[in-house]
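Protein chains: 2
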Amino acid sequence: MSLNRPHSDIENGGVAPVRAIRGAFLDFVADPFFTHEADAVRYHQDGLLVINETGHIQAFGDYATIADRYGDIPTQLYRDRLIMPGFIDTHIHFPQIGMMAAYGEQLLEWLNKYTFPTERKFQDPDYARDMADKFLDELLRNGTTTALVFAAVFPQSVDAFFEAAQARNLRMIAGKVMMDRHAPDYLRDTAESAYTETKALIEKWHKKERLLYAVTPRFAVTSSPAQLQKAGQLLTEYPDVYLHTHLSENINEVAFVQDLFPECDGYLDTYDQAGLVKDKSIFAHGVQLTDQEFQRLSAAGAAIAFCPTSNLFLGSGLFKIEQAKARENPVKLGLGTDVGAGTSFSILQTANEAYKVAQLRQQKLSPFKALFLATLGGARALSLDHQLGSFDPGKEADFIVLHPQATPLMALRNPEPTAKTVAALADLTFSLVIMGDDRTVEATYIMGEKSWG
Amino acid sequence: MSLNRPHSDIENGGVAPVRAIRGAFLDFVADPFFTHEADAVRYHQDGLLVINETGHIQAFGDYATIADRYGDIPTQLYRDRLIMPGFIDTHIHFPQIGMMAAYGEQLLEWLNKYTFPTERKFQDPDYARDMADKFLDELLRNGTTTALVFAAVFPQSVDAFFEAAQARNLRMIAGKVMMDRHAPDYLRDTAESAYTETKALIEKWHKKERLLYAVTPRFAVTSSPAQLQKAGQLLTEYPDVYLHTHLSENINEVAFVQDLFPECDGYLDTYDQAGLVKDKSIFAHGVQLTDQEFQRLSAAGAAIAFCPTSNLFLGSGLFKIEQAKARENPVKLGLGTDVGAGTSFSILQTANEAYKVAQLRQQKLSPFKALFLATLGGARALSLDHQLGSFDPGKEADFIVLHPQATPLMALRNPEPTAKTVAALADLTFSLVIMGDDRTVEATYIMGEKSWG
Chain B
1 MSLNRPHSDI ENGGVAPVRA IRGAFLDFVA DPFFTHEADA VRYHQDGLLV
51 INETGHIQAF GDYATIADRY GDIPTQLYRD RLIMPGFIDT HIHFPQIGMM
101 AAYGEQLLEW LNKYTFPTER KFQDPDYARD MADKFLDELL RNGTTTALVF
151 AAVFPQSVDA FFEAAQARNL RMIAGKVMMD RHAPDYLRDT AESAYTETKA
201 LIEKWHKKER LLYAVTPRFA VTSSPAQLQK AGQLLTEYPD VYLHTHLSEN
251 INEVAFVQDL FPECDGYLDT YDQAGLVKDK SIFAHGVQLT DQEFQRLSAA
301 GAAIAFCPTS NLFLGSGLFK IEQAKARENP VKLGLGTDVG AGTSFSILQT
351 ANEAYKVAQL RQQKLSPFKA LFLATLGGAR ALSLDHQLGS FDPGKEADFI
401 VLHPQATPLM ALRNPEPTAK TVAALADLTF SLVIMGDDRT VEATYIMGEK
451 SWG
Chain L
1 MSLNRPHSDI ENGGVAPVRA IRGAFLDFVA DPFFTHEADA VRYHQDGLLV
51 INETGHIQAF GDYATIADRY GDIPTQLYRD RLIMPGFIDT HIHFPQIGMM
101 AAYGEQLLEW LNKYTFPTER KFQDPDYARD MADKFLDELL RNGTTTALVF
151 AAVFPQSVDA FFEAAQARNL RMIAGKVMMD RHAPDYLRDT AESAYTETKA
201 LIEKWHKKER LLYAVTPRFA VTSSPAQLQK AGQLLTEYPD VYLHTHLSEN
251 INEVAFVQDL FPECDGYLDT YDQAGLVKDK SIFAHGVQLT DQEFQRLSAA
301 GAAIAFCPTS NLFLGSGLFK IEQAKARENP VKLGLGTDVG AGTSFSILQT
351 ANEAYKVAQL RQQKLSPFKA LFLATLGGAR ALSLDHQLGS FDPGKEADFI
401 VLHPQATPLM ALRNPEPTAK TVAALADLTF SLVIMGDDRT VEATYIMGEK
451 SWG
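In order, the protein sequences belong to chains B and L. Taking our numbering, I'd label the letters of the first sequence as residues 1 to 453. Taking our numbering, I'd label the letters of the second sequence as residues 1 to 453.
16 Å max Cα-Cα, derived EDC-like pairs, lysine to aspartate or glutamate:
1) 113/L - 427/B
2) 113/B - 427/L
3) 204/L - 159/L
4) 208/B - 163/B
5) 364/L - 105/B
6) 364/L - 109/B
7) 121/B - 159/B
8) 364/B - 322/B
9) 364/L - 322/L
10) 121/L - 185/L
11) 364/B - 105/L
12) 278/L - 237/L
13) 204/B - 240/B
14) 207/L - 240/L
15) 420/L - 62/L
16) 420/L - 80/L
17) 364/B - 109/L
18) 420/L - 46/L
Source of the hints: derived by calculation from the structure; they are not laboratory data.
Using the sequences and the hints given, assemble the complete structure.
So, in structure tokens, the structure goes:
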């Protein structure tokens, strides 16, 4: 017992620990695609997570080991639950929250028929604010604490999103869509206006509290070469902002891009020639990538957002997980829901379909690999692993409490809700991946404070 | 107003109407794969369903049209809901309820590693009874009112299932698994014992109240030619029982069957040579069927149970819906969850993945087509369409009440929960197919009585 513990933490250059969470904790200390799974997983069946007054993790470990030092601060005990770092969604469209389940089309037709008319509504700031609140509530209900987000083409849609995220103290990355062709008039900007508006939004929002900006050309179909060049100029002027776009989702899209950019050597090259392929660049989908494009993404340190429910819903195809995660030329990889083409806000349901995509390709996606992609892997894809994605001290305390018996069927599947071995943990977490949904998330904490549940 | 209406119904050879349900009703009067969808769908935005004292449908129609005659009997009003015939699951394994989400294997290895040890537990009648109760509760929670069910190899597992189904007054079809090879000793019967035990179970259960029996050889891998012959003998002796088995699910399985039956012309022929391909035969999966096999199934009037969540979970492949539903040689088709290889008890979630399978094959599965398969199509696949699957008077009153705003996200998607046009109904029901789950089912009625909700 150390009654003077807060004092000594402060003396050690820290801040005061203010609360703790006790329960079973799972996170990752290495990538299970490249490290033996038992070595990549960190599991404390009876663990303690100590949070300090700034909402960061002060200490983390076995309760028996660190309770001596932290046992006297207010502690919330979660029995028969599994606590994990918050889920990270590496690709989602906030204006599409109300248009999920739009019937019968593949990518290009789906955009024209459903998406563009829906996004038009986000010109209205009041509407955009209302939807931003609903969108963030839904993310938190599903245990997603950080996301890389497409707003609409209208700067006010970005303001609405960031204001709502700031009010919730969330670490979110977003940007205004840039699109100057192959879209209805009411959604088109120009190369120049996109540049000016984006620049103003970066100045206004990037690094404001926990918020970060992503330069966001929709995709090569809807951005002229001149607009892509302007996006590249912004990345040069602001080297620490992100680039977020779509890449090689659908066969017809790839062919269309090739027609539009005859001077380019494939789809990725349309971005590369504009200086958009960097280590803070995240490309959604990549279902149709060539070997050469995988190599280029690897060399650039860029990331792919794998969006299985969307890829199946739009019939885009089966992403090659094992190629992104090859020992030669690995590419950073996260999971994306891609709502509204995605069919669920739940990263668990997204992992369910990731498993199925792997199975159809005769590959196995273990629950630990899937949950790594959902947490530390996603943080690495977003270059946020120094701040998020695991319970390492110093990181931001965004985490979730999962209920392995959330439904009668899950209670039957998991008569023992707390794993005593790593093998039992693999089995338990696989049931969360396959059978889990929003109901599995009992509570969501942001910077150490309960935000949902 | 007709105060003497019960009397006149009885005089007309009917029985007394005892209750009515008022609300929005959707069912099918034809197959939307072959009939213009608007002609196949029957929709009453303000309808009335009248149930008689035997639990059958006495009358059905627009409230304004038939309320005169039935307006004075006790009526339950469902506002902002959609009422449909109960869902029909044409392939599910009751002993596998507790083993969903078994990791990492494809069909044959999955059977050996997970399924066989699990099914062993159903030798214990107490355990089997407990699981049968949980299984039927879960079906009702998901709006499934009739299912074609594999029990285990043990006759007591069939007794347990039928006793539980009888207690709930359900129309269920089930049978004892026959398997005399390529399985652990503890699960094997013999050709002769399978025959004798099945015969006794048919005598005991077939047509007992609403229960029906299916002769159930697991599949050609685990039944010797002699056992398949015995199954055929049972179908000859009891021409109105069903045949329920698996067919052409996985490539390795098809190759194994070909090795085991060198004298047969393909997988289906192993059943055909034993006299098992008939109009009350239901074959689960059919992912790997040849054109010739589709033709044979069509000619025999046999049915396929399409099980998309299972086919994706085990990586079996993409079923060719459009071939089963071709104008030339159509094959009767229903949806199956195939729990425990299937990943959900929900026929809505099953339809979600059926849509995705179709999309990956560049086909469109409309919500009406999917919901037809889930109701009248399933009833036809099970030769029960004279008793189930729509609201035609005389049919058994098994139906469900769906809530289009069951979750915050569905409420956002469906601000108007009641469709005023067939186009709006298509949009609304597509959201149920893509976003719905057990929560979408607010109530389940069996023979006119509320059984769940």
